[in-house]
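Protein chains in written order, with the numbering used here: chain A, 1 to 411; chain B, 1001 to 1411; chain C, 2001 to 2337; chain D, 3001 to 3337.
Treat the hints with caution; some may be incorrect.
Listed below are the simulated PhoX-like cross-link pairs for lysine-lysine, each with C-alpha atoms no more than 25 Å apart in a straight line [to be verified]:
| hint | chain 1 | residue 1 | chain 2 | residue 2 |
| --- | --- | --- | --- | --- |
| 1 | B | K1257 | B | K1174 |
| 2 | A | K32 | A | K16 |
| 3 | A | K257 | D | K3262 |
| 4 | B | K1016 | C | K2050 |
| 5 | C | K2050 | B | K1257 |
| 6 | B | K1016 | B | K1032 |
| 7 | D | K3265 | A | K16 |
| 8 | B | K1257 | B | K1061 |
| 9 | A | K257 | B | K1257 |
| 10 | D | K3047 | A | K16 |
| 11 | B | K1288 | B | K1032 |
| 12 | B | K1016 | C | K2262 |
| 13 | A | K174 | A | K16 |
| 14 | A | K32 | A | K61 |
| 15 | A | K288 | A | K32 |
| 16 | A | K288 | A | K174 |
| 17 | B | K1016 | B | K1257 |
| 18 | A | K288 | A | K61 |
| 19 | B | K1061 | A | K257 |
| 20 | B | K1061 | B | K1032 |
| 21 | A | K288 | B | K1016 |
The set of hints was computed from the structure by calculation and includes no laboratory data. Predicted model, so just to flag it, every value in this text is computed and none were measured.
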Amino acid sequence: MKDDDAPLSLSVPEPKCRPGDTPDFSDFVIPKAGEARRPEIDEDPEEMRDMAFSIVRVLSKEGEALGPWAEELPSDLLLDGLRHMMTMRALDERMMTAQRQGKTSFYLRCLGEEAVACAFQTTLDNGDMNFPTYRQSGLLIASGYPIRTMINQIYSNCGDPLKGRQLPVLYADKAHGFFSVSGNLGTQLIQAVGWGMASAIAGDRKIAVGWIGDGSTSESDFHAAMVFASTYSAPVVLNIVNNQWAISTFQGMARGKAVTFAERGHGFGIPALRVDGNDYLAVRAVAKWAVARARSGIGPTLIEHVTYRAGAHSSSDDPSAYRSRRERAAWPLGDPIDRLKRHLVRIGAWTDERHSQAEAEIDAMVREEQAASEALGTLVSGGHPSGRDMFQDVYAEMPPHLRRQRREAGY
Amino acid sequence: MKDDDAPLSLSVPEPKCRPGDTPDFSDFVIPKAGEARRPEIDEDPEEMRDMAFSIVRVLSKEGEALGPWAEELPSDLLLDGLRHMMTMRALDERMMTAQRQGKTSFYLRCLGEEAVACAFQTTLDNGDMNFPTYRQSGLLIASGYPIRTMINQIYSNCGDPLKGRQLPVLYADKAHGFFSVSGNLGTQLIQAVGWGMASAIAGDRKIAVGWIGDGSTSESDFHAAMVFASTYSAPVVLNIVNNQWAISTFQGMARGKAVTFAERGHGFGIPALRVDGNDYLAVRAVAKWAVARARSGIGPTLIEHVTYRAGAHSSSDDPSAYRSRRERAAWPLGDPIDRLKRHLVRIGAWTDERHSQAEAEIDAMVREEQAASEALGTLVSGGHPSGRDMFQDVYAEMPPHLRRQRREAGY
Amino acid sequence: MSQMTMIEAIRNAHDLAMERDDRVVVFGEDVGYFGGVFRCTSGLQEKFGKHRCFDTPINESGIVGAAIGMAVYGLRPVAEIQFADYVYPAYDQIVSEAARIRHRSAGEFTCPLVIRMPTGGGIFGGQTHSQSPEALFTHVCGLKVVVPSNPQDAKGLLAGAIEDPDPVIFLEPKRLYNGPFDGHPERPSPPWRDHPLGEVEDEYYALPLGRASIRRDGADLTVLAYGTMVHVAMAAAEDSGLSAEVIDLRTLLPLDEEAVEKSVKKTGRCVIVHEATRTSGFGAELSAVVQELCFYSLEAPIVRVTGWDTPYPHAQEWSYFPGPARVVRAMRQVMED
Amino acid sequence: MSQMTMIEAIRNAHDLAMERDDRVVVFGEDVGYFGGVFRCTSGLQEKFGKHRCFDTPINESGIVGAAIGMAVYGLRPVAEIQFADYVYPAYDQIVSEAARIRHRSAGEFTCPLVIRMPTGGGIFGGQTHSQSPEALFTHVCGLKVVVPSNPQDAKGLLAGAIEDPDPVIFLEPKRLYNGPFDGHPERPSPPWRDHPLGEVEDEYYALPLGRASIRRDGADLTVLAYGTMVHVAMAAAEDSGLSAEVIDLRTLLPLDEEAVEKSVKKTGRCVIVHEATRTSGFGAELSAVVQELCFYSLEAPIVRVTGWDTPYPHAQEWSYFPGPARVVRAMRQVMED
Ligand SMILES: Cc1ncc(C[n+]2csc(CCOP(=O)(O)OP(=O)(O)O)c2C)c(N)n1
Ligand SMILES: Cc1ncc(C[n+]2csc(CCOP(=O)(O)OP(=O)(O)O)c2C)c(N)n1
Ligand SMILES: [Mg+2]
Ligand SMILES: [Mg+2]
């Protein structure tokens, strides 16, 4: 502490590990699996403050499911979850390659974060609505959205339901409860709150689920979402996916002097939990808990999913310029697929052989879908949504000036 | 708690007291004067959470100064404070009358909140900068800004330093550390943080002080201010003036399910205190504490001043349409002038006679200044800034198109 | 038929729309219990309940963002921004979201909502209670922009806006709330009571968006105006003694180009009037469109009469306001040239 | 003299400005350690320290709001918005604050700051990495709006913007960062290396704001353009075989009306080209100004070649982009009429 007369100086937070440094997560406190308590869903938020500083974890290193958050789950349900995550990863890998091959302009993976979206989706009902970011494609996979349609969108080919208008992975599908992903960060959270308010106004039972990245919690609209959710106790679950990075910016820049992102909930009387985002069982259990709170009208919940962006931000990014190549390996919470697999093997529902077999099957399936999609076309070849489509859907009904422009454009 | 299958419904917060209802502040927990503890300025914010739920109060009903926040202060300093508040109130009353007489378009008082700005200003150094709202005119009074100049601004006459451009009370004066008041709510808080960051970047020792109302804390930019203040631990004090109302909207609409506004600081690791805003000594002590934190580079502080908007929102507002006429009398924290006066009388530094005498003197002084200002003109009579002035200061140098427009306008 | 002020007409439109369609919800700062600082929503909470009409926290971005979520859900939100000068915090939600959702999702999601806000000066409100930001919305494809100039239109256009399947920015000239102000501050302000357009049908009716209306037939020149400036233009037409055709655009986006083209081709001369600052104001688009559609009929340069490129001042309000005298001067100018 | 890309020229302008004036501070999302997603600030943090060049939280309103506070304090902040498409959350701070502070405080406080942002399409960025929002700023009095079209200008204009005592919106056409793209995507993109305007003085120099530059002399018609469209217009002029005068406006606000008037009065014909959507785009203001200043010299209607009034599409990017073919068509049209 400096005295009053010394000059001030600007404090600019920096990550502990940049290229060349040795990764060091020693100050990252990780409770043991099974350690975190499980409050009642109607417990007073003030009584639950501790949950924002702990981490709900179910799967141990050895693959046991431990503690009050461990549910009795039929193993085929867990096998579905494993398959969802493996499919997500296989699709990401194929599409990343396709992008490098020039078949599309851009791609963005959720490598290492598959458990968050895949597990959460299984706790929702038909008609509930997600307001996702570009990194929650797992919600679609887990809700059975056709892989081929996803690839069509990524290729902007004539099978693309979004008619080639949107950047790859900015999907939209009402039936699957997946709201149109915006390229503008942070706008979707207050929209989720509004959607939930509408459900309450209509006397409906549907709930909304908002998603946002660690970096994007800095956006001012995050505040709008928290204020409205708190004031109207909207039936929503607000998820912060803390994957440690926002392009080249470490999570500390957005977190500031707070200890966790979950803490943000405390200023609003919104209960907040942290969960091990690489632990499929933990995410599922916490999601179920929060969804029940929303659906039974108790109010909103803020969840911080602690995970790690194992890959580049996107196909346009090279993380080796700003973080250590060895950081991924040093990440203490492991890989979500390995961890669920180990659990399934341990409970005798799965084997290494069947896993490699499943990998091969899924890879083959994705390649098939890709081939079928490429038969329709890619961004650079084959059938395309025409320029004519570009003039549709600006309005429900095309006004005269747009019709004139369409003629001028020759369509 | 309703079960999963019951329909949802929207919860819309309402104040306990609307016109016709009996005011009821029974659930407003008020600690005794002297009860709140006084943390070290470098105490860990997490250790200070309790301060956001308590209220720092120094002056007892009987006018004693009690507890760890009571400072040894020369009585003439307190008499200055009393005079500042009395001057503020006298000016407000005269100007409100002048507005009703049609001498200006609009006026806005800080009736009942005089202690907040008047006390805070006395803890600042020359060169520090306030980023106020329209309800902190007391900062100018306490810094010795000429009353006549204030009236000139209110009248938009030819003595108005703002050349008739601004609505009454949206003052601006650099030398008195009073940044130009914006008509747009909430924008000034992040500007205060940026100003403080600049002081730190420049290795200066000046600090910034931000001000915002309870209702305006809902604005998204409040978040920007908190995030930047936390991340760069900027040398700023952020003040929330909770006067219970935002025009017709009670403070619960902005607060939501949080218990206090001070709590907002917790999500950012920013220490937060609540202070009795009608207690001159308490405000001064808490301000001093927070200013020391900022100036010594420890970081930002969030202060909730608990007070009551005793008058209408502005000359355009009639509160009897939305709150009980009896609410003001029922307000438990009393009147800031009465309370400081009682203290001064108690310590033998003041008497009722001298008080009424002072009232008369101040009233006479304000009337004199008003007369002098009216000699220059009011909004509807006498000397005015010309239309020509309107074209100045849009840019440092007037570009050709504005010069042409000025000619077109005939100036 | 009843005599209504513009405030009463707007309140009535809300009321009837909420009666016939329970998807319609109304909210904003001070709009619930109090009924809005201009009283446009008073009585609605009492009649329809707190879940249909309610106060919001002071967060314009939140108001619009929540409205978008509600519209996506299937409601028909009508959000009030207390003054147009305060819409900017919501600009991202309007431009990047409301205006884009139908297109970017190829119609999978839609965003039918109305954002109402009082605009314009003439009430000594200074620079933050007087702005006319219409051009900041007409540049945004996906939005519709409506500006009524009288109670009859205000009721029908608001109903039309609420029925519209796309986001509508509904700008209410606050100087017209209580009477057809013609830009002569020195004269007593007439009430709507004495104005034919203050006569409003009691039943629900919706006017189609995108249609201008000719307020005054004329042969010498065309005056394009909207909102308060319609009445200023009418006064100027009288004062000038010229045969001026005054067109009230009513909807700026999409623009009724047919009506504009027809009139200017007939008169060959055009004056454009708006209260907003000149550079890149909506008058620029009107001027561009007129010369694109009517170049060979134009006998004189199109003249824009607008607010100056300065903030709206407090004391100098009437030096800023584009009143009848300035419009008359412009009319004479296009006649001389 | 060195060969520089536009990125290098912009970086160099930052570097020299920071060297000569320690009030200059640079910040934004990913601009510090990483040097910006387009590398325009790389090396600055290392050279000048974290207090002169630093990363910010992802909050555009916060970035601009903090910059305003710094400018009011007396620094010369240069803030980067990662893409112009993301400036809207900062719109209130820009329009209601930065642009107003000098005027509303009668010069007591001032706000000298620069807000840089990449604009325009042609990189398959879809609707949120391709926008050109210049007209949303040219309508705001108190702002200056600059759009460089080459490394030489980019360096000098950025220095000029940093020296300017008022807030400047500095729009960088990202399609020009690495070469003078002329709107022919099918041809290999030329590098700046081979372009005369890629030759940049090594010393610090500041170009005055508000001055256009004639890129090509011509007698038949005038083409008004800025940013990427300058190169498209040049290519179109070649392709058309017409004697087209191509004017690079460089600063949109304040506009160099003299240069525009002189040229159009000479040629009598005018084509306006921009990438932004048409309705209420800056082309509208240009069209209005041209007909106000040059009405009696105009021999044909002014034609606007612009982006369509739709969001910027992904797959149909080249159907949207106003390329040379469309500009040539417009040039022929104004010649025929
Ligand atoms: C309003 C806005 N500002 C900036 C950007 C540019 N941008 C795209 S992704 C990104 C980082 C987001 O990080 P985070 O929120 O942590 O999500 P993650 O990518 O890690 O999943 C940024 C700055 C944007 N898309 N929108
Ligand atoms: C951005 C913006 N939105 C709305 C308004 C209109 N308005 C002016 S004062 C006010 C209430 C503010 O209440 P609060 O913040 O509690 O301050 P107080 O008036 O009580 O001091 C409102 C809604 C505004 N000026 N700016
Ligand atoms: Mg992240
Ligand atoms: Mg208040």
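Status of each hint after checking the structure:
Taking the CA atoms of K1257(B) and K1174(B), the gap is about 39 Å. The hint is violated against a cut of 25 Å. Between the alpha carbons of K32(A) and K16(A) the distance comes to roughly 24 Å, so the proposed pair stays at or under 25 Å and holds. Distance restraint check for K257(A) and K3262(D): the Cα-Cα separation of roughly 59 Å exceeds the 25 Å cut-off, and the hinted pair is therefore not satisfied. With a C-alpha separation of about 15 Å, the suggested pair K1016(B) and K2050(C) falls inside the 25 Å cut-off, and the hint holds.
A hinted pair counts as satisfied when its Cα atoms are at most 25 Å apart, and K2050(C) with K1257(B) qualifies at roughly 18 Å. Straight-line distance between C-alpha atoms of K1016(B) and K1032(B) comes to about 24 Å, which keeps the hinted pair within the 25 Å bound. Note on K3265(D) and K16(A): the hinted pairing is violated, with a Cα-Cα distance of about 63 Å set against a maximum of 25 Å. For a cut-off of 25 Å, the pair hint linking K1257(B) to K1061(B) is broken: about 31 Å separates their Cα positions.
At most 25 Å may separate the alpha-carbon atoms for a hinted pair to count; K257(A) and K1257(B) meet this at roughly 23 Å. Taking the CA atoms of K3047(D) and K16(A), the gap is about 20 Å. The hint holds against a cut of 25 Å. Of the supplied pair hints, the one linking K1288(B) and K1032(B) holds, its CA atoms being roughly 21 Å apart against a limit of 25 Å. For a cut-off of 25 Å, the pair hint linking K1016(B) to K2262(C) is broken: about 60 Å separates their Cα positions.
Distance restraint check for K174(A) and K16(A): the Cα-Cα separation of roughly 42 Å exceeds the 25 Å cut-off, and the hinted pair is therefore not satisfied. Taking the CA atoms of K32(A) and K61(A), the gap is near 9 Å; set against the 25 Å cutoff, the hint holds. Taking the CA atoms of K288(A) and K32(A), the gap is about 21 Å. The hint holds against a cut of 25 Å. Using a Cα cut-off of 25 Å, the hinted pair K288(A) and K174(A) holds, with the two alpha carbons roughly 22 Å apart.
This hinted pair checks out: K1016(B) and K1257(B) have alpha carbons roughly 15 Å apart, not beyond 25 Å. For the suggested pair K288(A) and K61(A), the alpha carbons sit about 23 Å apart, so the restraint of at most 25 Å is met. Between K1061(B) and K257(A) the CA atoms are separated by roughly 39 Å; this puts the pair beyond 25 Å, and the hint is violated. Simply put, K1061(B) and K1032(B) have alpha-carbon atoms about 9 Å apart, close enough for the 25 Å limit, and the pair holds.
Under the criterion of a C-alpha separation no larger than 25 Å, the hint pairing K288(A) with K1016(B) is inconsistent with the structure, at around 35 Å.
The structure does not agree with the numbered hints 1, 3, 7, 8, 12, 13, 19, 21 stated previously, though it agrees with the rest.
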